[in-house]
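Asks: Guided by the hints, dock chains B, C and D with the ligands onto chain A, whose structure is given.
Take a look at the letters that make up each chain.
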Amino acid sequence: MSSDARQKLFFREAIIRALREEMDRNERIIVLGQDVAEFGGSYREFEGLFERFGRARVRNTPVAESAMIGLGVGAAAAGLRALVTITYMDFLMLGLDPLVNYAAKARYKTGGQIEVPLVVKTTAGAKGQGVAHSQCIEAWLMAVPGLKVVVPATPADAYGLLKSALRERGPVVYVDHKRLFPTAGEVPNEETLIPLGEAAIRRCGSDVTIATFSFMTRIAERSAERLAAEGISCEIVDLRSLAPLDMATVCGSAGRTGALLTLEEGQLSCGVGAEVIFRARESLANLRTARIGALPAPVSSNPILEAACIPDVERVTDAVRGLLASR
Amino acid sequence: MSSDARQKLFFREAIIRALREEMDRNERIIVLGQDVAEFGGSYREFEGLFERFGRARVRNTPVAESAMIGLGVGAAAAGLRALVTITYMDFLMLGLDPLVNYAAKARYKTGGQIEVPLVVKTTAGAKGQGVAHSQCIEAWLMAVPGLKVVVPATPADAYGLLKSALRERGPVVYVDHKRLFPTAGEVPNEETLIPLGEAAIRRCGSDVTIATFSFMTRIAERSAERLAAEGISCEIVDLRSLAPLDMATVCGSAGRTGALLTLEEGQLSCGVGAEVIFRARESLANLRTARIGALPAPVSSNPILEAACIPDVERVTDAVRGLLASR
Amino acid sequence: MDRIELLRAMLLIRAFEAALMRRSDHGFQLLSEGQEAVAVGLCSVLGERDQLLTSGRSIAPALARGLEPGAVMAELLGKTAGPCRGKGGRGHLAQRSAGFFGAHAVVAGNLSIAAGVALAAQLQEPGTIVACLFGDGACGAGALHETLNIAALWKLPLLLVCDNNGYSVSTPRSEALAPKSLSDLAGPFGIPARTVDGMDVAAVRDAARELAERSRTGAGPVFLECLSERFASHSTAVRETRSAAEMQAIRKRCPISRLADNLEAEGGLSASARKQLEEEVRRAIAAAVRFAEAAPYPDPSEAVSDVV
Amino acid sequence: MDRIELLRAMLLIRAFEAALMRRSDHGFQLLSEGQEAVAVGLCSVLGERDQLLTSGRSIAPALARGLEPGAVMAELLGKTAGPCRGKGGRGHLAQRSAGFFGAHAVVAGNLSIAAGVALAAQLQEPGTIVACLFGDGACGAGALHETLNIAALWKLPLLLVCDNNGYSVSTPRSEALAPKSLSDLAGPFGIPARTVDGMDVAAVRDAARELAERSRTGAGPVFLECLSERFASHSTAVRETRSAAEMQAIRKRCPISRLADNLEAEGGLSASARKQLEEEVRRAIAAAVRFAEAAPYPDPSEAVSDVV
Ligand SMILES: Cc1ncc(C[n+]2csc(CCOP(=O)(O)OP(=O)(O)O)c2C)c(N)n1
Ligand SMILES: Cc1ncc(C[n+]2csc(CCOP(=O)(O)OP(=O)(O)O)c2C)c(N)n1
Ligand SMILES: [Mg+2]
Ligand SMILES: [Mg+2]
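Residue numbers (the numbering used here), protein chains in the order written: chain A, 44 to 370; chain B, 44 to 370; chain C, 1352 to 1659; chain D, 1352 to 1659.
Here chain A stands alone, though its shape is the one from the complex:
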């Protein structure tokens, strides 16, 4: 198999492959979640794992997010490696106590005696499911010392980041986006790990840097296409990991373009964009900046209201034009 051979995989296939490889490699890895066994997960992203690894390692749980995460934390702290899947990020709120008050602090508070190699896998973003199934709270997690957060935008990154997350010594929150599951992309046939904390430049450009992540990377790409037709050249930085955050790549790009637009699907207030822009400006004088995110409102399942609430190509292209006009 030539080392650069690749294969087109859907997100769910990339996730399954990462889990299968890591579970083959390390029999301490267990998967806990609702409908993950025979059913294979809400997005069929666990299909085949139950058949391959059995009920001891791939376990259906009740609808009890707090205990699901607590069990994963305890099991990981005691020598297993747990992946706990929380179908929607909104329900992560039910399990923040074991995740934030215990897992993120265990190593610190025990003076290094206890580590929690846990991966909490969840999905963010809007896809017609309404006010309690659409939220993006990545920014909350980024701010928790002891937690790492990854947010892949391509199947290759989903594969490589999930594998790395499953080898971390501490807790990692891995966030998929509901709108990415129907998408496919090239994934190397050779086993490949993507280190946490490295952003990727998705498109090179000279006029403006768009720093984004997860599904919004695709909105950025479409916006860049449209702006290219107007002669505006966008560079797209896919953060991939929010904690740790790769500011070197962001600043490298923004330093070249002189303009930085952040794009996220979640709320702007105390969001990813505010953080990225603050830190970029620490090292880049007179950088022009702007941020785009959801309107300050819940996200309805109503197609018209959902579309109005979250960022789209129009809002991104307008923001870029505005930013460059401020030149």
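Watch out, some of these pointers could steer you wrong.
Keeping only pairs whose Cα atoms sit at most 16 Å apart, straight-line, the calculated EDC-like set for lysine to aspartate or glutamate is [unchecked claim]: (1) K206/B x E56/B; (2) K170/A x D1376/C; (3) K170/B x D1376/D; (4) K1506/C x E1526/D.
So these bits of chain B aren't anywhere near chain A, every CB distance computed over 10 Å [said to hold, decoys possible]: (5) A175; (6) A199; (7) R324.
By construction, these hints were calculated from the structure, which means they are not laboratory data. Using N, Cα and C, we set each Cβ at its ideal position, and we do this for glycine too.
Replies: What follows is chains B, C and D with the ligands alone, placed relative to chain A:
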């Protein structure tokens, strides 16, 4: 009673007075919390209310933060007005589902049919109680559409903001700071409401603006004293309310001084400072900015480690000097 | 409610969902098909001033509670003629004025909220009760425990109804819940509880009435488990995991034909009367669809209205 | 453990806390005075490879589990000679190598964590069990329900011990918890449960042993409620709400004098032997205090070590 007569009250006394006045005025107000009845609350901040209003309106609850908030939300949605006290903000994590997924969204998702006049009262900050009793997660709440957040630094503001919160149509999180309970301050004898969303200038100055809130306002004041001796003149803006955020006052001050330092006890990443600075820069070109907050670590109950983790006068004065040196 | 009215209410729900399924613009839906008797039996014992809260599987309870089919259809299609102006939609139906405080799509998320509504009722509207309908899946959540305990301590007028259709998505109840009977969960708290056949609308009504009256008259919370069957997959977006044979057997237990056949056998319902009933319902649903179709979508500006 | 050893273990805890209280540099503490028998009785049935998790009231369990008094004192005084290098401190004592997975100051916060540790034990160390000690207050939290259910479904080797001292801070158990007996909470899940006198160390030991053995041999989770008395106020920072008369009556139930007096009466412990025991303990505690005093405080740079 002359209209500007004032009386020195401790924080807890100001809180009790606000609650007594509002509960006298509106018999729909109920108080739910652990040890709030005969005991009068962990900080004796509910003392006398049980005796005055009885068990129907001042209720001890089990240790069940999720249901405590859920009950308050449901009662408020159905025509009462509930104040639910969560002793430590860390445990608010246990009740974020009813607060964020229901209360903050109820009015929106029902097209205005249901409003939730709820006040969640809690305490933030470090005072020797360790990793799970010291966190500041105000920034998470600021970002939730539908929630308001107030963070008083003086007994007068505690009194006036709590009264206003108890007249809001939607949910408000009222955050005390553990280190403020031993402090006292002048409170007007006349009934006074402080509207949500208005910052206060605590000290006038010309060289730098320090935007802060809650207990950190006192650190800012001590820092300003020390810097004054060096001939540096600090203006201190006490935000008082984080949502809504009074950027007009912040920008007015920062526009005059040309330098803005934000000071918070919580984590910097995606924090209050990042938000305030981003928004200030939207309206103020070439503003010099810096932010101070906790080190990226849990807060130990160990006095040496706690002191090392959270901002103090040294860090603030150094930051101000650095900011002005960048002139 | 007599049994003809119960039958009519169940037929209406069945026809409503069938009409909804014929459309391509409903996004996806959690259907109540097979579980109509639980919603109808429960609602038949609720008074005007009582309130009902439910899980996300809320079409049957909303209609059984008496909401206008046209308004419900409009809400589910995202039209402003819905009680939530099309903003709540699937999983969040609500019409407070009709005693339907509403659905909430967070599993077990409505339990403590319902207890709070019951607290307000206890203090402000003695004699009224609050009903909360939830699935078996919600019984694994800590919210149930916290709510049972506080409701029992405070003697809240709360009627908890578990619509146990035996599954949480694909997970059989036996794999997710240790208790022999879910009504056993009320035991430690001294809460009166019963388990009934949820496919028998009269049995549901009678048990609900008995428990509701006890709660109404000061007994505090009560717990009713109804054993039901889900005729469709978890949602129209989720694949069915049960075998065709299994489904065939399950569908034989239809609560509607069961009641209708009993009535006919007892001579309580003539073939022509049954036809007429079905015809009435058909017309009501057709009118509901026309109403919803005629209603406008919200203006995009409503994306930020009614937030704070 | 014979009763002399049980007595010694309880005396050590009592003397340790007394020595801690004589200091001004402990910040504030949650004491176990009066509840020594629960911790000692429980730990007497745990094996080396078992693990123990507890609530924030963790001095007695830590010492009963065999942690060095000097190390525990150092941890509570914020010294690096503590097992957590002085970073965990009060409410977060832990020494995994000693089978003390640790305390967690979030009420009920250790329950699902303990179930997870038990899951690891089930898969990796068959024959070992995990014990979780929590207060009556934790029984109002949903975490208990979720944990009981999953532990029962998965037959986890988990010994749940409720140290019911009748209060959550100022709130009497009767005002916070509806169940007649807290061990009733295990019933619906089919979990073997018992309630014993927590002031009788032998009774605690015997009940704990019986239940632990059942769990060890595959019965799954077991639940033990121990009825105890808190001799001090909730914490040294919290005012006492019980009357002096009440406290006097309560202190009469001291588990230490009860055992010692019984032993003496039965001739199992001579006055001189008792004196010697007390003298040994006094010396051990004095050494512990010297050890802790001699140990250094952490460098401020440790505020950011062992985070990620
Ligand atoms: C807290 C939470 N976790 C997970 C989900 C996803 N989910 C939606 S419905 C459902 C099944 C619930 O089963 P049950 O309570 O029995 O209701 P049923 O669907 O059978 O009516 C799940 C797991 C959710 N909505 N909320
Ligand atoms: C989730 C949570 N809520 C509130 C508190 C504050 N608190 C600390 S100890 C305690 C009392 C707990 O009572 P119980 O469980 O009976 O333990 P005891 O103190 O009696 O040993 C409370 C409410 C907490 N630590 N955690
Ligand atoms: Mg079900
Ligand atoms: Mg207690």
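Asks: Assess, step by step, whether the Cα of K170/A is no farther than 16 Å from the Cα of D1376/C, and give holds or violated.
Replies: Satisfied, since the Cα-Cα distance of roughly 14 Å is no more than 16 Å.
Asks: Holds or violated: K1506/C and E1526/D, Cα atoms, limit 16 Å.
Replies: holds (12 Å)
Asks: So A199/B supposedly isn't at the interface. Is its beta-carbon more than 10 Å from every beta-carbon in chain A?
Replies: holds (27 Å)
Asks: Taking the closest pair, is the beta carbon of A175/B still more than 10 Å from chain A?
Replies: At about 5 Å from chain A, A175/B fails to clear the 10 Å cut-off, so the statement is violated.
Asks: Are K206/B and E56/B close enough, with their CA atoms no more than 16 Å apart?
Replies: holds (13 Å)
Asks: Check the hint pairing K170/B with D1376/D against an upper bound of 16 Å on the C-alpha distance.
Replies: holds (14 Å)
Asks: Please confirm whether R324/B is truly not at the interface, meaning its C-beta sits more than 10 Å away from all C-beta atoms of chain A.
Replies: Violated, because the least Cβ-Cβ distance between R324/B and chain A comes to about 8 Å, which does not exceed 10 Å.
Checked against the numbered hints given earlier, the structure breaks hints 5 and 7 and satisfies all the rest.
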